[in-house]
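Please model the entire structure based on the sequences and the hints provided.
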Amino acid sequence: MSSVRLPRSPKVLVGAGLVAFFAVLTVVGPYLAPYNPSNTNFNANLTPSSAHWLGTTALGQDIFSQLLVGARATMIVAIVAGVVATILSVTVGVSAGYLGGKSDEGLSLLSNVFLAIPGLPLLIVIDSYLPAGGRSNSFVIGLVISLTGWAWGARVLRAQTMSLRNRDFVEAARIIGESRFRIMVFEIAPNLLPVLASSLLFTILYSIGAYVTLAYVGLTSTAVWNWGTMLYWAQANNAPLAGQWYWFVPPGVCIALIGTGLALMNFGIDEFINPRLRSAGLSSKVRRESGLPRRPRLGFTPVLRPRDASSARAGVR
Amino acid sequence: MRMLARRLSLYVVTAWVAITVNFLLPRMMPGNPVQQLIGKLTGSITPQQVHAIELAFGIGLNQGLWAQYTGYLHQLFVGNLGVSITLSSPVSTVLKSAVPWTVGLIGVSTILSFLLGTLSGALLGWFRGSRLDSLIPVATFFQAVPYFFLGTVMLLVFGSSLHWFPVLGAYSQSVTPGWHWDFVFSLFRYGELPVITIVLSSVAGWMLGMRNMMITMIAEDFVLMAVAKGLPRRKVIMHAARNAVLPSVANLSLAIGLVVSGALLVELVFNYPGVGNLLLQAVLNEDYPLIQGIFLVITMTVLAANLLADIFYFVLDPRTRTEAAV
Amino acid sequence: MNDVDQSLNDTVLEIEDFSVDYGWGEGAVRAVNNVTLSVRRSRVLGIAGESGSGKSTLVYAVTRLLRSPGVIAGGRARLTFDDPGSHDTKRRTVDLTSATSGELRSIRWSQVSIVLQSALNALNPVLRIGHEFDEVLKVHRPSMSKTERRERAAELLGLVGLNEDRLARFPHELSGGQRQRIMIALALALDPQLVIMDEPTTALDVVTQREIVNELAQLRVRFGFSMIFITHDLSLLVELADDIAVMYAGNVVEWAPAGDLYHAPRHPYTLGLLNSSPPLTGERRELVGIAGAPPDLSQPISGCSFRARCPYAFDRCATEVPVLGVVDDSGRKVACWLHETPATVPMPLRIVAPGRDETVPALDQEVVS
Chain W
366 MSSVRLPRSP KVLVGAGLVA FFAVLTVVGP YLAPYNPSNT NFNANLTPSS
416 AHWLGTTALG QDIFSQLLVG ARATMIVAIV AGVVATILSV TVGVSAGYLG
466 GKSDEGLSLL SNVFLAIPGL PLLIVIDSYL PAGGRSNSFV IGLVISLTGW
516 AWGARVLRAQ TMSLRNRDFV EAARIIGESR FRIMVFEIAP NLLPVLASSL
566 LFTILYSIGA YVTLAYVGLT STAVWNWGTM LYWAQANNAP LAGQWYWFVP
616 PGVCIALIGT GLALMNFGID EFINPRLRSA GLSSKVRRES GLPRRPRLGF
666 TPVLRPRDAS SARAGVR
Chain E
629 MRMLARRLSL YVVTAWVAIT VNFLLPRMMP GNPVQQLIGK LTGSITPQQV
679 HAIELAFGIG LNQGLWAQYT GYLHQLFVGN LGVSITLSSP VSTVLKSAVP
729 WTVGLIGVST ILSFLLGTLS GALLGWFRGS RLDSLIPVAT FFQAVPYFFL
779 GTVMLLVFGS SLHWFPVLGA YSQSVTPGWH WDFVFSLFRY GELPVITIVL
829 SSVAGWMLGM RNMMITMIAE DFVLMAVAKG LPRRKVIMHA ARNAVLPSVA
879 NLSLAIGLVV SGALLVELVF NYPGVGNLLL QAVLNEDYPL IQGIFLVITM
929 TVLAANLLAD IFYFVLDPRT RTEAAV
Chain S
13 MNDVDQSLND TVLEIEDFSV DYGWGEGAVR AVNNVTLSVR RSRVLGIAGE
63 SGSGKSTLVY AVTRLLRSPG VIAGGRARLT FDDPGSHDTK RRTVDLTSAT
113 SGELRSIRWS QVSIVLQSAL NALNPVLRIG HEFDEVLKVH RPSMSKTERR
163 ERAAELLGLV GLNEDRLARF PHELSGGQRQ RIMIALALAL DPQLVIMDEP
213 TTALDVVTQR EIVNELAQLR VRFGFSMIFI THDLSLLVEL ADDIAVMYAG
263 NVVEWAPAGD LYHAPRHPYT LGLLNSSPPL TGERRELVGI AGAPPDLSQP
313 ISGCSFRARC PYAFDRCATE VPVLGVVDDS GRKVACWLHE TPATVPMPLR
363 IVAPGRDETV PALDQEVVS
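Chains as they are written, first to last, in the working numbering: chain W, 366 to 682; chain E, 629 to 954; chain S, 13 to 381.
Please note that a few of the clues may not be correct.
[Stated by the list, open to error] Chain S is faced by these chain W residues, among others (derived, beta-carbon under 10 Å):
no.	residue
1	Arg547
2	Val550
3	Leu657
4	Pro661
5	Arg662
6	Leu663
7	Gly664
8	Phe665
9	Thr666
10	Pro667
[To be verified] A few chain S residues that face chain E, going by a derived Cβ cut-off under 7 Å, partial list only:
no.	residue
11	Arg117
12	Arg120
13	Trp121
14	Asn133
15	Ala134
16	Asn136
17	Val218
18	Val338
In short, the hints are calculated from the structure, not lab data.
All figures in this text were calculated on a predicted structure; none of them were measured in a lab.
Don't be surprised by glycine CBs; every beta carbon is placed ideally from N, CA and C.
Below is the structure:
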């Protein structure tokens, strides 16, 4: 467990690249924006040009600037929600898995209840009661999203903790007389890292979706620029039907790309957790040079042999 | 049987939590939301509307919280979800016309998506390393696209540009609803694009989950035995798939909530007359009784679907049926 | 009967110069090295060795069931069987290493069946026992009706002493012994020429183990199938097997009729294995393990692979690889330099470990040969 050797498949590399790109955009996006995204001084409904790479909105705002500025708000909410939800799921999941008994039953029930309630409708209900100040605050929105997104991680972490709990080294710590808290923090938590990372990526992915959806529906402040509000304004101004693809397609594609990046990175973690998912180590080139099939076939062990015509069919007599 | 009983009690608790949250949320709002709301509702406002709002927020009733709560539970029990502020009709009546559309759309899409994803996942897992693997990043991309965005693009490309599918609404305006062929056909045609959208967005989850389980199963002895028995490949794959599908079915109940969440927005994009569309109208109009009623109905429907999924699992896995097994 | 070579013309399975690698290219590790063995008709070949000796790898590779990254690096495996298609009992021989997937599929289970160590893992957990029988019969005997298949399944369960009501059960509802009996019954469903038993009793308690071995011996006499029995327990093999092959680090180090091997082991490793398993009869004695561990196959080995653990090792063992060869009139084969230079060591072997006194009572001297 201690030697971290993440699989370096192309999938994982592409995923990490995508995530890194958007991470950088989160930091520098607002500085790169050529104009103030709320500035309505330009002509309305301009098509893409060198001055406005993605044209302008019906109110005469620069869309490219909105896209760059919007990256930050989108990502901040997603990260806040992802981190808070992960903290919640670790607390509930690890405690439930480690303590067992009545505490486990109570905590499992809690996470199962949150899993069973459909997340988005709950989110919409809570959000519709938020005062206007709350809706424009990224942290408040992030907290509300985390409330609906922690349960899945808690469930996975609980299962993993339960399996770890019975392993030798934890047993040993218990016999030595280490406190439950120490065992949980120092013995079990480090071994949960891969599952934790996977759960964090998933919650961030979920949070992006949830935030963008809330914004698209108009349940966050429409004055805060994020990819969801861009889609909201595009929809409100009938951009799709007017053929203004440069207005509504870029934010959607950005959401999809960051989501794809996170999911691809998750494949790497999956392969790390479950070695059976890893593909056999050698390149297909070596395979082919050795005369082996491209794909291993169960129940048909390959035979390494330069086959000449006489021996190939000599099997049946 | 114990497993089913446990799940059932979970859903009862969940339903209770949802109802209680629904009861408490409006009562936790700061200030006097009723006055704000009445101020926002321009034009004439009837005394009935004022009463509906007051009921929803529990204001102006000279009752303690507990009495309100028991009264609320009682009203729910007899099917009274309050009165919609904007539509001025009982929430239950409004929902009665919307629920079947949503259940139909999401039900059909979920079943299709599950079948398609499980089947393709089984094949992807079995033929791992083949060219089929290139489907994985594609499916991942579609999974990451928000449902409503994919819906918008599909609507534009295949609906309004190419005219391959009729769009907007659940059936053609030129047919009268009823159980006759024209209507059913129209229903089918109008449903295609929303269903395709939901399936495309949700299929990757089933596919990848099934693929991973399939790969895990292939390493099991009984799959090797199926090969050793000289069974045809189709049967060997079935041996593995029959077991690999179990976690997918176990997750079915968890995933329904997620799919419903996404699919509600697809209704908005396609102007489908279901609950999702209604919910968003209610949100825009700040029609709180309606919002709450919809939330409850969605939650109850999802819980019922969860129970169905659990029964399905119960049927598929014999190990859940015998208690004594160790 | 003791002569292995003489019966070659009536063999069911002939394994010739068979090698198996894990991985390919430069990363390949040789797990089975140039093994030549044969299974005589209606006889039992026992293969013994520690874990990692290559005994299971060999058998899975021969049947082409070895999983990736296992690769057959060379050799032949010829299976001879009565062709069910022809009217007269015409014998047919198929080289499994060059058989097509279709040929393999038709040979599997109808000619070669296999029983694994854990029947719980070998039986599909979501299928009823009856389904396993039904499926095999349906695929290989398409002419059988549903009732006939059911009757056959009940008959097979009767052979292993189980009631036919077990057919309606799921694997998790049965005990370990019952499951393993079911696997044996299933293996006999199509009257195969060869049944492979891969440590079929290891997961069971001693009493059940004993019962099942006895049943197997009876069934074999009754139906006359050949058997390969893989185990690390040599004394178990002595009872059941006609011939025994001992494997070490991917090589067959000794191959002899069971009695000869038991009473007069010729390879120091065979002696070590015998010393580490309880005796069949007679007085109790101290069990002694073999000091050291099997070599790491991914590292190149010079000379004899058992050298480092061998109390008899001498100069030649370090430089030259011993080959399996006939050592005496009985035709038994050993891969050990001791027998090329008989003067070096007194026969038969009975040293336990280097530096130890001969605390082990002498085994009966060469009773058979």
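Return the numbers of the hints above that this structure violates; sort them in rising order. Violated: hints 1, 2, 17, 18.
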